[in-house]
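*Asks:* Sequence:
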Amino acid sequence: MKLSKEDIIFWNSLSLFLANFNLDVSSLDDKQKYILITAFTHKSFSNENKNSHHNDYLEFIGDGLLQFITTEWIAKKNPWWESGLATKLRSSIVDKNNLAKLAKKYHLFQHLRHSKSAFINGINQKTISNLYEAFIGAIYIVYGLNIAMQITNDTLGLTFEEHYNSQHSHPKNVLQEFFQKSSASNVEYITEQLPNNTFGSIVKFENIQYGEGFGKSKKEAETKAAIDALEKLKK
0 MKLSKEDIIF WNSLSLFLAN FNLDVSSLDD KQKYILITAF THKSFSNENK NSHHNDYLEF
60 IGDGLLQFIT TEWIAKKNPW WESGLATKLR SSIVDKNNLA KLAKKYHLFQ HLRHSKSAFI
120 NGINQKTISN LYEAFIGAIY IVYGLNIAMQ ITNDTLGLTF EEHYNSQHSH PKNVLQEFFQ
180 KSSASNVEYI TEQLPNNTFG SIVKFENIQY GEGFGKSKKE AETKAAIDAL EKLKK
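Here numbering that gives the first Met the number 0 is used: the first residue of the sequence shown is 0, the next is one more, and so on.
If you're looking for bench data, these hints aren't it; they were derived computationally from the structure.
None of the values given here were measured: they were computed from a predicted structure.
Accuracy of the hints is not assured; some may be wrong.
Label pairs and their calculated CB-CB ranges [as the list claims (entries may be wrong)]: (1) D55 with Q149: 35 to 45 Å; (2) D23 with K180: 44 to 54 Å; (3) D55 with N96: 32 to 42 Å; (4) N96 with Q192: 28 to 38 Å; (5) K75 with A183: 15 to 25 Å.
The beta-carbon is built from N, C-alpha and C at its ideal position, and this holds for glycine as well.
Please model the entire structure based on the sequences and the hints provided.
*Replies:* This is the structure in C-alpha coordinates:
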(Lines of atoms letter the chains of each structure in order from A and count residues from 1; the text may use other names and numbers.)
(Lines give C-alpha, C1' and ligand atoms only; values in the text may rest on other atoms or scores of the structure.)
Protein backbone atom coordinates (compact mmCIF):
# COMPACT_ATOMS: atom_id res chain seq x y z
CA MET A 1 0.00 0.00 0.00
CA LYS A 2 1.00 3.64 -0.41
CA LEU A 3 0.52 6.32 2.20
CA SER A 4 -1.44 9.43 1.29
CA LYS A 5 0.15 12.86 1.58
CA GLU A 6 -1.86 13.48 4.74
CA ASP A 7 -0.70 10.15 6.18
CA ILE A 8 2.92 11.00 5.42
CA ILE A 9 2.65 14.35 7.19
CA PHE A 10 1.05 12.70 10.20
CA TRP A 11 3.64 9.91 10.20
CA ASN A 12 6.53 12.36 10.26
CA SER A 13 5.22 13.71 13.56
CA LEU A 14 4.13 10.35 14.96
CA SER A 15 7.45 8.66 14.22
CA LEU A 16 9.29 11.21 16.37
CA PHE A 17 6.88 10.49 19.21
CA LEU A 18 7.27 6.71 18.87
CA ALA A 19 11.03 7.08 19.22
CA ASN A 20 10.38 7.95 22.87
CA PHE A 21 9.49 4.28 23.37
CA ASN A 22 12.80 3.15 21.82
CA LEU A 23 11.01 1.85 18.74
CA ASP A 24 12.94 1.51 15.50
CA VAL A 25 10.80 3.25 12.89
CA SER A 26 13.48 3.61 10.21
CA SER A 27 12.97 0.20 8.61
CA LEU A 28 9.16 0.08 8.58
CA ASP A 29 7.30 -0.29 5.30
CA ASP A 30 4.18 1.71 4.45
CA LYS A 31 1.82 -1.02 5.65
CA GLN A 32 3.46 -1.11 9.07
CA LYS A 33 3.47 2.68 9.27
CA TYR A 34 -0.23 2.73 8.40
CA ILE A 35 -1.06 0.27 11.19
CA LEU A 36 0.62 2.59 13.70
CA ILE A 37 -1.12 5.60 12.15
CA THR A 38 -4.45 3.79 12.46
CA ALA A 39 -3.85 3.21 16.18
CA PHE A 40 -3.91 6.99 16.59
CA THR A 41 -6.94 7.58 14.34
CA HIS A 42 -10.30 8.21 15.99
CA LYS A 43 -13.57 7.12 14.39
CA SER A 44 -14.60 10.75 13.89
CA PHE A 45 -11.61 11.29 11.60
CA SER A 46 -12.27 8.20 9.48
CA ASN A 47 -15.94 9.21 9.15
CA GLU A 48 -14.80 12.40 7.44
CA ASN A 49 -11.96 10.74 5.53
CA LYS A 50 -13.40 7.65 3.89
CA ASN A 51 -10.05 6.22 2.81
CA SER A 52 -8.76 6.04 6.37
CA HIS A 53 -9.40 3.46 9.09
CA HIS A 54 -10.09 4.01 12.79
CA ASN A 55 -8.54 2.25 15.76
CA ASP A 56 -11.46 0.15 17.06
CA TYR A 57 -10.06 -3.18 15.85
CA LEU A 58 -6.59 -2.43 17.18
CA GLU A 59 -8.20 -1.52 20.50
CA PHE A 60 -9.83 -4.97 20.53
CA ILE A 61 -6.46 -6.63 19.94
CA GLY A 62 -4.76 -4.50 22.58
CA ASP A 63 -7.46 -5.28 25.11
CA GLY A 64 -6.89 -9.00 24.68
CA LEU A 65 -3.13 -8.58 24.98
CA LEU A 66 -3.41 -6.56 28.17
CA GLN A 67 -5.65 -9.21 29.69
CA PHE A 68 -3.03 -11.84 28.83
CA ILE A 69 -0.05 -9.81 30.03
CA THR A 70 -1.62 -8.82 33.35
CA THR A 71 -2.69 -12.43 33.92
CA GLU A 72 0.95 -13.46 33.48
CA TRP A 73 2.08 -10.83 35.99
CA ILE A 74 -0.44 -12.07 38.54
CA ALA A 75 0.51 -15.72 38.00
CA LYS A 76 4.19 -14.97 38.52
CA LYS A 77 3.50 -12.84 41.59
CA ASN A 78 1.20 -15.33 43.26
CA PRO A 79 0.78 -18.75 41.55
CA TRP A 80 -1.58 -20.08 44.25
CA TRP A 81 -4.14 -17.32 44.49
CA GLU A 82 -7.93 -17.45 44.67
CA SER A 83 -9.33 -16.87 41.16
CA GLY A 84 -11.91 -14.30 42.24
CA LEU A 85 -9.23 -12.10 43.82
CA ALA A 86 -6.99 -12.49 40.78
CA THR A 87 -9.84 -11.47 38.47
CA LYS A 88 -10.58 -8.44 40.62
CA LEU A 89 -6.93 -7.40 40.56
CA ARG A 90 -6.68 -7.79 36.79
CA SER A 91 -9.85 -5.75 36.31
CA SER A 92 -8.44 -2.92 38.43
CA ILE A 93 -5.21 -2.85 36.41
CA VAL A 94 -6.87 -2.76 32.97
CA ASP A 95 -9.66 -0.48 34.18
CA LYS A 96 -10.41 2.32 31.71
CA ASN A 97 -9.53 5.01 34.26
CA ASN A 98 -6.12 3.47 34.89
CA LEU A 99 -5.40 3.10 31.16
CA ALA A 100 -6.61 6.65 30.51
CA LYS A 101 -4.13 7.95 33.10
CA LEU A 102 -1.35 6.17 31.22
CA ALA A 103 -2.48 7.56 27.86
CA LYS A 104 -2.30 11.05 29.37
CA LYS A 105 0.97 10.43 31.23
CA TYR A 106 2.73 9.28 28.07
CA HIS A 107 1.07 11.96 25.88
CA LEU A 108 -0.72 9.53 23.55
CA PHE A 109 -3.80 11.70 23.27
CA GLN A 110 -1.85 14.65 21.90
CA HIS A 111 -1.20 12.58 18.78
CA LEU A 112 -4.74 11.30 18.21
CA ARG A 113 -6.22 12.19 14.80
CA HIS A 114 -9.85 13.25 15.13
CA SER A 115 -12.40 15.59 13.57
CA LYS A 116 -12.45 19.20 14.69
CA SER A 117 -15.83 18.78 16.37
CA ALA A 118 -15.22 15.36 17.94
CA PHE A 119 -14.42 16.56 21.44
CA ILE A 120 -16.01 19.97 21.46
CA ASN A 121 -17.88 19.00 24.64
CA GLY A 122 -14.91 17.23 26.19
CA ILE A 123 -13.43 13.77 25.89
CA ASN A 124 -14.44 10.75 27.94
CA GLN A 125 -12.11 8.35 29.71
CA LYS A 126 -13.10 5.42 27.49
CA THR A 127 -11.86 7.14 24.33
CA ILE A 128 -8.50 7.85 25.96
CA SER A 129 -8.16 4.34 27.40
CA ASN A 130 -9.10 2.85 24.01
CA LEU A 131 -6.17 4.75 22.52
CA TYR A 132 -3.73 3.06 24.90
CA GLU A 133 -5.17 -0.35 24.01
CA ALA A 134 -4.99 0.41 20.28
CA PHE A 135 -1.39 1.53 20.69
CA ILE A 136 -0.43 -1.77 22.33
CA GLY A 137 -2.38 -3.68 19.67
CA ALA A 138 -0.52 -1.92 16.87
CA ILE A 139 2.85 -2.49 18.53
CA TYR A 140 2.06 -6.20 18.71
CA ILE A 141 1.19 -6.43 15.00
CA VAL A 142 4.15 -4.38 13.80
CA TYR A 143 6.90 -5.35 16.26
CA GLY A 144 5.72 -8.63 17.78
CA LEU A 145 4.75 -9.91 21.21
CA ASN A 146 8.08 -9.34 22.98
CA ILE A 147 8.17 -5.63 22.17
CA ALA A 148 4.47 -5.23 23.02
CA MET A 149 5.10 -6.87 26.38
CA GLN A 150 8.16 -4.71 27.00
CA ILE A 151 6.27 -1.47 26.39
CA THR A 152 3.39 -2.71 28.54
CA ASN A 153 5.87 -3.55 31.32
CA ASP A 154 7.45 -0.10 31.04
CA THR A 155 4.09 1.72 31.23
CA LEU A 156 1.21 -0.28 32.71
CA GLY A 157 3.62 -2.50 34.62
CA LEU A 158 4.67 0.44 36.77
CA THR A 159 1.18 0.47 38.33
CA PHE A 160 1.05 -3.27 39.07
CA GLU A 161 2.60 -3.26 42.55
CA GLU A 162 0.36 -0.40 43.64
CA HIS A 163 -2.78 -2.29 42.61
CA TYR A 164 -1.49 -5.59 43.97
CA ASN A 165 -0.57 -4.16 47.36
CA SER A 166 -3.86 -2.28 47.61
CA GLN A 167 -5.92 -5.41 47.04
CA HIS A 168 -3.58 -7.80 48.80
CA SER A 169 -3.74 -5.79 52.04
CA HIS A 170 -7.55 -5.64 52.26
CA PRO A 171 -8.71 -7.48 55.42
CA LYS A 172 -11.07 -9.77 53.48
CA ASN A 173 -8.27 -10.82 51.15
CA VAL A 174 -5.80 -11.30 54.00
CA LEU A 175 -8.30 -13.51 55.81
CA GLN A 176 -8.99 -15.57 52.69
CA GLU A 177 -5.27 -16.11 52.08
CA PHE A 178 -4.73 -17.09 55.72
CA PHE A 179 -7.21 -19.94 55.45
CA GLN A 180 -6.05 -20.95 51.96
CA LYS A 181 -2.73 -22.01 53.42
CA SER A 182 -4.43 -25.07 54.85
CA SER A 183 -7.62 -25.49 52.80
CA ALA A 184 -9.09 -24.77 49.37
CA SER A 185 -12.43 -23.72 50.89
CA ASN A 186 -13.64 -20.13 50.64
CA VAL A 187 -14.49 -17.79 53.47
CA GLU A 188 -18.24 -17.22 53.81
CA TYR A 189 -19.90 -13.95 54.81
CA ILE A 190 -23.49 -13.95 56.05
CA THR A 191 -24.70 -10.37 55.95
CA GLU A 192 -28.12 -8.96 56.82
CA GLN A 193 -29.67 -5.51 56.93
CA LEU A 194 -30.71 -4.57 60.46
CA PRO A 195 -33.78 -2.53 61.51
CA ASN A 196 -31.69 0.56 62.31
CA ASN A 197 -30.51 0.89 58.67
CA THR A 198 -27.17 -0.72 59.42
CA PHE A 199 -25.76 -4.05 58.35
CA GLY A 200 -24.48 -6.94 60.42
CA SER A 201 -22.13 -9.61 59.11
CA ILE A 202 -20.60 -12.80 60.45
CA VAL A 203 -17.68 -14.52 58.78
CA LYS A 204 -17.42 -18.30 58.68
CA PHE A 205 -14.89 -20.78 57.44
CA GLU A 206 -15.86 -24.43 57.10
CA ASN A 207 -19.01 -23.71 59.16
CA ILE A 208 -17.08 -22.20 62.09
CA GLN A 209 -17.73 -18.55 62.95
CA TYR A 210 -14.58 -16.46 63.34
CA GLY A 211 -15.76 -12.87 63.50
CA GLU A 212 -18.59 -10.38 63.27
CA GLY A 213 -18.94 -6.77 62.24
CA PHE A 214 -21.43 -3.95 61.82
CA GLY A 215 -21.50 -0.98 59.50
CA LYS A 216 -23.54 1.49 57.46
CA SER A 217 -23.09 -0.67 54.35
CA LYS A 218 -22.73 -4.35 53.52
CA LYS A 219 -19.13 -3.74 52.48
CA GLU A 220 -18.25 -2.01 55.75
CA ALA A 221 -19.88 -4.73 57.86
CA GLU A 222 -18.03 -7.52 56.03
CA THR A 223 -14.72 -5.67 56.27
CA LYS A 224 -15.17 -5.23 60.03
CA ALA A 225 -16.11 -8.90 60.37
CA ALA A 226 -12.86 -9.83 58.60
CA ILE A 227 -10.87 -7.51 60.88
CA ASP A 228 -12.55 -9.05 63.92
CA ALA A 229 -11.66 -12.54 62.70
CA LEU A 230 -8.04 -11.59 62.05
CA GLU A 231 -7.71 -10.06 65.51
CA LYS A 232 -9.07 -13.22 67.13
CA LEU A 233 -6.79 -15.45 65.06
CA LYS A 234 -3.75 -13.51 66.30
CA LYS A 235 -4.55 -14.37 69.93
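*Asks:* How does the Cβ-Cβ distance of D55 and N96 compare with 32 to 42 Å: does it lie in that range?
*Replies:* At 20 Å between Cβs, range violated.
*Asks:* Would you say the C-beta atoms of K75 and A183 sit inside 15 to 25 Å of each other?
*Replies:* Because 21 Å falls inside the window, the suggested range holds.
*Asks:* Using the Cβ atoms, figure out if N96 sits within 28 to 38 Å of Q192.
*Replies:* Cβ of N96 to Cβ of Q192: about 30 Å, so the range 28 to 38 Å holds.
*Asks:* Are D55 and Q149 spaced within 35 to 45 Å by their CB atoms?
*Replies:* Hint violated: Cβ distance 25 Å, outside 35 to 45 Å.
*Asks:* Note whether the CB distance of D23 and K180 lies within 44 to 54 Å or breaks it.
*Replies:* holds, 48 Å
Hint compliance for this structure: hints 1 and 3 are not met, and every other hint is.
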